[in-house]
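Peer 1: Sequence:
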Amino acid sequence: MEILIDKIMNDADVKSKYSQTSASSVTSSEDTSMLDLFDQISSRKANFLEVILGLEKYHTGGDPEQRTKAINVITGVIHEVPNLGLDSKAIAGLVEFFGKKFKDENCILPSLKGMHALLKFHPQVVKQSQRDGEGCLRIVIDSLSPGCIHIPSYKQKVRSEALRLLETLLNKYKDFFKLQEEDMNEIDLDDSDPFRIPYVDLISCVVSATQNEKDPRNLLVSFELPRILLFLLGKDEHSFKTLEPFCNDIFENISSYYPIEFEPPKNDRFKITSKELKDRLNYFFATSPFMASKAIPFILEKLASPQSFTKAESLKTLQLMINELPTQVIRHYCEMIWTNLKSEGFNSFDVTVQNESINAISLLCYSLIISKDRFETLEFDSITERLVEAVLLKCEEELAQDPDTLTGIMASNLLCEIMRKNSSLVLVIVQRFIFNFSIDHINLVPLSNETQNQVINISKEEMSFASRLELVFNILNTLYPLQISNKQQIVDFILQYKDSMIQALSKGLESSFLPNKLKGTKLFRILCSNQFFTEEEMKGVLSFIRLEYRKQRGNIDFIRDFLLEILEISKKFPYQVHEVFHDDIQLQYNDFSSLKTETSTEHDLYAAQSSLGNSVELFFTEIEIFCRTKESLGDILFMCANEFYTNLYVDNGWQRQWTREYLDAACRMVDDHKLGQEETDEIVENMIEKVFLECVNVFEASEDPVFMSKDYAEPFYHLLRQSCRTLSYEKAEILLGRIIEVFTKFAPQFESRVKCYDKVCNRKSYYCLNMSIFKILKYLLKYKEISIWNDETFINVFSFLSMLSLNSVNTPALNNLKKESNKCLSILINKCTQHIQEMDDLVDNIITTTLELIQSGKEELNTIEDSTIGQTFSVIKGLAIKGSPTSYKVVQQIIKALKGSTGAALDSVAKYWNILLSPHDFTKMNKFNISPFYKQRLFSIAFPALMENYREIYQLVSSGEGDRSMLGFISKLIVPICSESAYELYKDHMEELLPLILHALGLKDQVIKKICLKMIQKLLENQNINGLNMKELTKSLVLALGKRLKMPTKNSILICLDLALTAGDDRVLDYRKQVISQVRNLLDDRKRSTRRLAVKCVNDWSLV
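Take the sequence shown: its position 1009, counted from the start at 1, is 1008 in the working numbering, and no numbers get skipped.
It should be emphasised that the hints constitute simulated quantities derived from the structure, not laboratory data.
Cβ coordinates follow ideal geometry from the N, Cα and C atoms, glycine included.
Be a bit skeptical, because a hint or two may be false.
Claimed, not checked - Within a straight-line C-alpha distance of at most 16 Å, the following computed EDC-like cross-link-like pairs (lysine to aspartate or glutamate) qualify:
id, residue 1, residue 2
1, Lys213, Glu223
2, Lys1030, Asp1065
3, Lys538, Glu578
4, Lys1013, Glu979
5, Lys1072, Asp1099
6, Lys274, Glu223
7, Lys506, Asp491
As the list claims (entries may be wrong) - The calculated label-pair distances, taken between Cβ atoms and stated as ranges, are:
id, residue 1, residue 2, range
8, Gly1001, Asp35, 42 to 52 Å
9, Gln1005, Lys213, 22 to 32 Å
10, Asn82, Gly1001, 50 to 60 Å
11, Phe261, Ser1076, 44 to 54 Å
12, Lys274, Glu535, 48 to 58 Å
13, Glu991, Lys1017, 15 to 25 Å
14, Glu991, Gln891, 48 to 58 Å
15, Asn346, Thr533, 27 to 37 Å
Please put together the full structure from these sequences, using the hints given.
Peer 2: Listed below in structure tokens is the structure:
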């Protein structure tokens, strides 16, 4: 043991590993000597006390570093060895040992950690030794006393450890202190008794240790220690006597930090937040009722501070104290608290201070009415009655003076908050403020006279209707959602005064002061929502509101807000609103159509825009639900479409917004219409005829391209698409014919007209109207059974699309048109069963042009859109499925053109090659099923030619003359066609095909990886890979596995590895370690399915 101790003390690598007082602080694996020591003590091969004796020459020597290291070793053993087998005498000796080391400045930190470890990890032994009379806790407290060690004078680490030691002492032995507290009457409090808990010394330690602390890490503990003391010794008057002499020192020390402001530094590794510090500090004030005589006046004094931050923090602390302190304490100080809250809250202009004052006042009322112990409602006594009356009277004064000021609004909000917290005061507030203060007052005030729309002498009392009606609305809006036992009683009470309520509501609506009308409508909404009126009464009030609306038709500011209230009513009572307002739909539209041309100022334009938006939403909501005739819906749809056409070329933002509102409403109506299919068809056809064809006429007549705003391009496209889906065959034919006529006239001037496209299209807020025509054509071709055209019609549309697809001009704007044109052409070819020769010739021409671009090199290839090549392949597929020989000739041309082409050209072709093989969007859309015969035919044409290319390139690469990347491009063409074909077609080529597949598996292209894995899985399942190749396959699968792969690819590789193992070839075991090593990396993958497959794979390969 002596040799081991000497090795530890002389080993330069042994360092202090116990900077934290937690069991998780362990030595690193490099400190093998320390680990050996721990093992020997744990296994009882060495005695801990012998180790301490062996270290004596070091911790008592003259070298300060050796002394520190020796104490660290002892502390480390206490931390890391769970059961040291120490008795109470040994524990007392260790406590005394560490306490004596406090006098050595070099050893104070490890000694504090050692003493902390004893208290933390051996509490039962410490308590036992205390009861045996050894006085361990007293030794600890004496060691930490200000006479022994002045904690504030040390560095942060020492202060932190001392504070945490005191925290552990108070928390771990809290129950033991409570036991002594219960027996306090039997304990002699003579300070000369060495075997009792020295409360006075313990308090002195806490007071001394928490003084003048600045570090936030230590402040968290400094705020907590006095709170624990108050919790232990401040619950009753008898035990508080011990703490009372120190109250001033404790309170002055902690209160000096209030209010605390702390902004944590960026990337703070300690993660201390401002909220943590504030909470710890605030809870100190709310812990003990015996500290309230100091805490409450102090917080109220801070509340009077001129700084808003201090006021807000004081109010939050006060709320906590009201919540936590006993009711009797709050009752004693309630008048003082109310006086200060009233003074500061109602005189502040800071919204935060007002809101916190509202919460504090409502909480104060709640604390006097509800028992905190039993949560039962208490009987009102004189104190409670005086406070409640004072609060309500103050609210009434502020509301009567001017309800629209900040203090008036605060009073209204305060009443609502009191209602939420105090169910016993709800009826009082309803009676006093709804009826006595508001309704009765309104009913007593006479209305001003009107002469020829000129208002004469509106009284101040009448102008106050709006504020009083708003107060009634707020109280009712708070009342109805409440879940309280006496709610029905209160509702019944309100219904008793229904006549008075309706009279006041009518006077508000009749008033010449417009805000009164708005507030009256708002109050009517909340009453309707809560079944205050019968249906007949509701219709009567709505009719009156409608008359008032008509009187104010020219006042767009008023109408904007007025309609918003009616809209809210219509959401719950649509039938009633519609029955009253249905005749105003056309009138409403005409009103705002004229308003938008007459208004001039920015304010007027905004008000008109908002008014129109509200009216559109309101009336379209009604129409969508209640219009049962095609004429009504058709008229509204026509309004929408006409609005779009009128503002098609307008740059003004608010007019575009109007148009967007109409289009959105029309889209909702077409999407969610309530009419039958036949009626809907007729409505939509009417709209198409009146609007879209008019746009086509504009497009035809214009010399320049026509553009629409992006604000309504999207809903316009949606509206037309949905409309085309509902068209009958005959109407679709008519629309197609009209579009084709335009195309026919448009074709000769095409190149001259597209030159200015790019300049305008670069403005991101506009889209070309030409594009919408192509989209409509695509929708008509896609969704309708258009199959029988006369020769002239077919040739016209086909010629135009061909001309556009083969146009040599390449600009971004024109390429977008080409893209849409190619989509139409693909659909047309795939669906048409006639004119096969014309289509063959066209495709031949398109492919020839495309191949010329491909063979010309990379620079020219970049001028052709990728999607154009994709659409070209889709056209080829459409012909090939129909058995056209041209399509197979084109496939041969493509393969032939690959020889000598650049890598970029091959990459573009390979990108779209799979269109010929898989169910592409165009085939899904047109419900085509790719027959095995088609795939077999395509394989027989393409596979031999592709393999010939592959062999030539492979020979060149083997001789060092060819480009190795070319092998990858050819693999991208060969693997998909094999994957989609039957095994019998290529089984004779497996010897040279498998290396090609494995090469493609190593490419970065995720799509090709997926295809390769699909093919490999199919071959493994059918046992079509021989033993020689299985080894190479396993190697390639391991190399292909990585964390950057997508989830389906990873899963496919794992499945293939499992299948390779079950194939029964022992040679795959050469890669057993590599497989297990690679697959283990996926055991913590984010995807559950991958983890599950990885576990299975590891288990299977491990058990071989």
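Peer 1: Compare the structure with each hint and give your call.
Peer 2: How the hints compare with the structure:
Restraint check for Lys213 and Glu223: the C-alpha separation of about 15 Å stays at or below 16 Å, so the hint holds. A threshold of 16 Å between alpha carbons decides the hint, and for Lys1030 with Asp1065 the separation of about 9 Å falls inside it, so the pair holds. Restraint check for Lys538 and Glu578: the C-alpha separation of about 8 Å stays at or below 16 Å, so the hint holds. A C-alpha spacing of about 10 Å is found between Lys1013 and Glu979, which places the hinted pair at or below 16 Å, so the restraint holds.
With a CA separation close to 12 Å, the supplied pair Lys1072 and Asp1099 stays within the 16 Å bound. For the proposed pair Lys274 and Glu223, the alpha carbon gap of about 14 Å is at most 16 Å, so the pair holds. A distance of roughly 23 Å separates the Cα atoms of Lys506 and Asp491; the hinted pair therefore is violated under the 16 Å criterion. In this structure the supplied range 42 to 52 Å holds for Gly1001 paired with Asp35, their Cβ-Cβ distance being about 50 Å.
Evaluation of the 22 to 32 Å hint for Gln1005 and Lys213 yields a failure: the beta carbon distance comes to about 57 Å. Evaluation of the 50 to 60 Å hint for Asn82 and Gly1001 yields a pass: the beta carbon distance comes to about 58 Å. About 49 Å separates the C-beta atoms of Phe261 and Ser1076, a value consistent with the hinted range of 44 to 54 Å. Look at Lys274 against Glu535: about 56 Å separates their beta carbons, and that is inside 48 to 58 Å.
Our hint of 15 to 25 Å for Glu991 and Lys1017 holds, since their Cβ atoms are close to 19 Å apart. At about 22 Å, the CB distance of Glu991 to Gln891 disagrees with the hint of 48 to 58 Å. The hinted range of 27 to 37 Å is not satisfied by Asn346 and Thr533, whose Cβ atoms lie roughly 46 Å apart.
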